[in-house]
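Q: One letter stands for each residue in the lines below.
Number of protein chains: 2
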Amino acid sequence: MRILGIDPGSNATGYGVIERREGRVVHVAHGVLRLGRADGMERRLAQLHAELLAVIEAHQPDAAVVERAFVGTSARSALVLGQARGVALAAVASRGVSVHELSPREIKKAVVGTGNAEKRQVQFMVARLLELEGRPAADAADALAAAICHVNSAKLRGLDLTRNTSGRRRRARAPSFVVRRAR
Amino acid sequence: MRILGIDPGSNATGYGVIERREGRVVHVAHGVLRLGRADGMERRLAQLHAELLAVIEAHQPDAAVVERAFVGTSARSALVLGQARGVALAAVASRGVSVHELSPREIKKAVVGTGNAEKRQVQFMVARLLELEGRPAADAADALAAAICHVNSAKLRGLDLTRNTSGRRRRARAPSFVVRRAR
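Protein chains in written order, with the working numbering: chain A, 12 to 194; chain B, 12 to 194.
Read the hints as simulated data drawn from the structure, not as lab findings. Think of the CB as a built atom: it goes at the ideal place given N, C-alpha and C, for glycine as much as any other residue. Be careful, since some hints might not be right.
Just a few of them, taken from the derived set where beta-carbon distance is under 8 Å, the chain A residues facing chain B [unchecked claim]: (1) Gly51; (2) Leu56; (3) Ala61; (4) Ala80; (5) Val82; (6) Thr84; (7) Ser85; (8) Ala86; (9) Leu92; (10) Gly93; (11) Ala95; (12) Val98; (13) Leu100; (14) Ala104; (15) Ser105; (16) Val110.
Here chain A stands alone, though its shape is the one from the complex:
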């Protein structure tokens, strides 16, 4: 069971792939796709779409998890974030991979233990849980954290990980356990 976590952003989109192997959570890959400096937003978005397809092709995830978008007060910023997010969602769905949404709070709580953890705490705990050397970049760490949260909450609740839930507005309870480390 492979899970792809994605953290779409207007400048950079983090991704992380983990696997549940015999009850353990194992790191597979992670990275940051930067929208780059290609001339014109549309070319940057097309590039993001192509790069995400390449990630999916390379790692063949069974399901994907995306952090629910936090929108502030700026409609202009939300539009730009939405553009990158829409491209990410479309890329994943075009390969038949179901997409789940989790709130930032749920994800932080599952990985760090508190819903208002700082970015650095997430990076630290993700590196520790997945036994990474060095800390992943913040965007990749968020994506890995989302994937970890999804694997474990689904496991505990006996859910089918590949079932699509993002179309629903069900509010998932934050899981209250500690991730088991891969050995």
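Since the structure of chain A is provided, determine the placement of chain B on it from the hints.
A: Chain B only, in chain A's frame:
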């Protein structure tokens, strides 16, 4: 010279294809791609991406025009609009078609003569200018209007229509002419 106009929306995306043929503007095709009721926003976005690629494949435009997004005060609405818009931009750019942006005001002024025209006026004038039977749906009419505006403003200003300008913040002057009808 074929121009694809696109009017991305959170529920429906209008498109319109026109051609400049011997100084005339000729209608080629138009339609509305509805995000539909597919389960999950990500599948609807993937569907929009695929359908836009099919439109591009069918009509082989030399350039595309997108209305500059109007964002109101709701960041949540802007996010949802951004998702559809990002998918549309990425689809067009992935086929090497350059994307131009025009403001709603410029487009209305070019087609109706006033920057604050109502939707119905745009539908009426687009149908008349392109000699359509019946009025196109509002979203398709907006897309056709954007394409008409682009063809004519570029013609008058001697611009290369296929050159990408959307990455720049240059403010284009509203063209002040009447579209020549195809005969």
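Q: With reference to the structure, classify each hint as holding or not holding.
A: Right, here's what the structure says about each hint:
Against a cut-off of 8 Å between C-beta atoms, the interface hint on A:Gly51 holds, since the closest Cβ of chain B lies about 4 Å away. With a cut of 8 Å, the hint placing A:Leu56 at the interface with chain B holds, because the nearest CB-to-CB distance is about 4 Å. For A:Ala61, the interface hint holds, since its Cβ comes within 8 Å of a Cβ in chain B; the closest pair sits about 7 Å apart. The beta carbon of A:Ala80 is positioned within 8 Å of a beta carbon in chain B (closest approach about 6 Å), and the interface hint is therefore held.
The closest approach between the C-beta of A:Val82 and any C-beta of chain B is roughly 4 Å, which is under the 8 Å cut-off, so the hint is satisfied. Interface restraint check for A:Thr84: the shortest CB-CB distance to chain B comes to about 6 Å, inside 8 Å, so the restraint holds. The beta carbon of A:Ser85 is positioned within 8 Å of a beta carbon in chain B (closest approach about 6 Å), and the interface hint is therefore held. Hint status for A:Ala86: holds, given a least beta-carbon distance of 4 Å to chain B, under 8 Å.
Checking A:Leu92 against chain B: minimum C-beta separation of about 6 Å stays under 8 Å; hint holds. For A:Gly93, the suggested interface contact is upheld, since its CB lies about 2 Å from the closest CB of chain B, less than 8 Å. The restraint placing A:Ala95 at the interface with chain B holds, with a minimum CB-CB distance near 6 Å, inside the 8 Å limit. The beta carbon of A:Val98 comes within 5 Å of a beta carbon in chain B, closer than 8 Å, and the hint placing it at the interface holds.
Among the interface hints, the one on A:Leu100 holds; its C-beta lies about 4 Å from the nearest C-beta in chain B, closer than the 8 Å criterion. At its closest, the beta carbon of A:Ala104 sits 4 Å from a beta carbon of chain B; the interface hint therefore holds under the 8 Å criterion. Interface restraint check for A:Ser105: the shortest CB-CB distance to chain B comes to about 4 Å, inside 8 Å, so the restraint holds. With a least beta-carbon distance of about 4 Å to chain B, the hint placing A:Val110 at the interface is held under the 8 Å criterion.
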